[in-house]
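S.K.: Given next are the chains, with one letter for each unit.
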Amino acid sequence: MTLNQLEKGQIATITGIVADEVSQNRLNSMGVIKGKEIKLRNKAPFGDPKIYSLMGYELTLRNQDAKMVMIKTS
Amino acid sequence: MTDQAQPLRVAFVGNPNSGKTALLNKLVAKKAPVGNYPRVTVSVREEKIELDGQPVILHDLPGLYSLNSRTPEEKVARDYLINEHSDVIVNVIDAGNLERSFFLSTQLIELGRPVVYVLNMIDEIERRGAKIDTSTLSQLLGGPIVKTAGRKGTGLDELKKTIIKSAKENQKTTRSFINFDMHVENAVQRVQDLIGELHPANQDVETNRWMAIKLLEGDDEILRQEGEHDHLIEMVRREGVDLANEHGQSCNTVFADARYGFVNSLLEESLPKNDLGSHRQKITHTLDEVFLNRYFGLPIFIGLLWLMFQATFSLGEVPMDWIDTGVGAFGEAVSASLPEGMVHDLVVDGIIAGVGGTIIFLPNIVILFFFMALFSETGYLARAAFLMDRIMHIFGLHGKALIPMVMGFGCNVPAVMAARTIESDRARMITILVNPFMLCAARLPVFILFSGAFFAESAGTVVFAMYMLSIMGAMLGAVILSKFVFRGENEAFVMELPPYRLPTARSIVAHMWDKGMNFLKKIAGIILVGSIVLWFAQEFPQNSVALDKIDQEITTLQQQPESKSRNEAISALELKRGEEHLSGSFLGQISQTVAPVFAPLDFNWKDTVAILTGLVAKEVVVASYAVIYSQGEDESEESASLRTVLASTMTPLVAMAFMVFALFYAPCLATIATIKSETGSWKWAGFSVVFSTMIAYTLAFSVVTIGGMFV
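The listed protein sequences derive, respectively, from chains A and B.
Sequential numbering of the first sequence, starting at 1, is according to this note's numbering.
Sequential numbering of the second sequence, starting at 75, is according to this note's numbering.
Only chain A is shown next, with the shape it has when bound in the complex (with noise of 0.2 angstroms):
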């Protein structure tokens, strides 16, 4: 499963990035790295992009980058 299919309210277990080394350094230093959970917290009006809560901050992602986050829900 991937960041992006996440439902509001939802939290999750990240267990990975699949993307190239930038967005992958990137994510990495905004708190988003394997293990730590996540939980979408609100959308834009048209569904994208999206608010998540990790680390005690709050991240916005598009869509397209949420799904390079692969994802686990407990």
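Derived by calculation from the structure, the hints in this document are not laboratory data.
The structure displayed is predicted, hence computed values, not measured ones.
Heads up, none of these hints are tricks.
Where chain A lies over chain B, by a calculated footprint (3+ residues, C-beta under 8 angstroms):
#1 135 to 142
#2 321 to 334
#3 356 to 366
The calculated BS3-like cross-link candidates involving lysine-lysine, where the alpha carbons are at most 27 angstroms apart (straight line), are:
#4 B/356 with A/43
#5 B/100 with B/234
#6 B/557 with A/67
#7 B/205 with A/39
#8 B/356 with A/39
#9 B/226 with B/205
#10 B/356 with A/36
Glycine is no exception: its CB is placed at the ideal position from the N, C-alpha and C atoms.
Fit chain B to the supplied structure of chain A, relying on the hints for placement.
M.R.: Same frame as chain A, now just chain B:
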């Protein structure tokens, strides 16, 4: 040891939005603009101060999340940290966001310089009873910890002392503090050994280890630097592949994992209860339910924009009147005290008319930037970027382009600079090049004048329509640029959304003051010079034969007894004299040469004068019309007589075409210069002039042609 005479070099580093700039402002007691929007500092700011009698140079680096990132303004910070020598690095950390912030710290430690850790905005988490064990944290990080609240200014004295102390002791951090797992350590060791062989003389073991880690993490600057050593590059590549295979994830992620692993142990040791940020988030969540509402979010945003424009122009009217009256009185006083002659005319018709006509917009500018500061500091602007991203995306623009676009309604110069906050080159270039289409405050007088002259009964609607047209023009420009000039992939929209914060009155006032002063400086500079040049260009050379003849006729008439017809004849002659004078002047001659270009648009050579002079600054368009139609006494856009005269010179259709042309044609000199410095080349500044003039010409021609079919 540092020499007393040699200033200490101190670099302020931190994540975007960590309150770094606000803290530094407090430290040096200055007022650089801050914002609750990530990435406010876009280049290295230098401040010289004295701490305990010791001269210090503070460098405020652009915010960055990691030393591995490759975005333009983060590179500025990265290159500075790696290539320039700093005596002390001050790592500013948002205390409410420790886990992510310490990721950067793990990379700063490896630079091997004394690091001072500043837990900023500490008040926000201590208020909720959070207790950070700073002595443990300090021990684990290998550097002193200072707690500050940048907005309130607490902890500043301790910070000053700690900086000096760290510099004096020059206590370097242990660079190799993260213990990677065995596979990684072995790989690092092998790469490190090879680097040691390649650079035998000039580096210590720690630097070699650092370079090995950077190379394995894929740091492209270091890779380029070592590019000549094929052997090394090949080894790094092979080790990277091996590590990736062993860990089941890419090599750079293996390192990031280890760094976050260290951060986690750090927090477990020093922070008993790790649920910070929950209260701050609760308020933010509630507000976001409203401002980011699926249905109401966008309408609220548009409503707030509307409110901003309304306030800017309706609240601005009162002080505008005062300034207008003041300038008028001043002009009359000066006019009366100076003897008739060239100096009198230069001062009254040139300088006072030009400067006075522009300075009346000061209130609008200050009010506009009050709202800008409010939106930015509360954190709303970042949310507007989020809300609008999808729509902007359709036109090839990035959500973050919204901030520069909105700022463009004020002035295109800071707006073009604000585009630096956009990461991808492509999206930034598009944003910069379409920004001049946003109807800036300098062009507003033109539309107020024209809509009043030609569409009096619906003037307000016409002005609003011009705003809408300016937005559509920017969108059209963005589509053209993204389809034909900057083709490429969609960039990522990875942005931190800061929590809502109550702005301080001090920082809002500072922001308004800053913008107001900038505007006044512009007036004292380009507007003043422009007015003088304009006056000379329209005054010389004087066709004395023709003018003397008219003067003689006027004198003859004046000797006749006073009558209505005599006065009318004199007025007509004076008007004729003015026109004769202008058409023979340099300005008239140049414009008459260029005028054929505008003939298809039905603009006459006088309109051409206004267009050409408007290149200096768009405010000058109105001033030019005033001078041309001999309305030197009262050339403000409210002038009824100028409106009347103007209305008789062109049809409403041509007036419409002129407004469209004036909206889109080449940006003013200040904006052109800014585009040059922001894109780094005159090529793009030139492109902007040609591109916008082509769009302006095409649209104005369409108005004349298509409109002509119906009229």
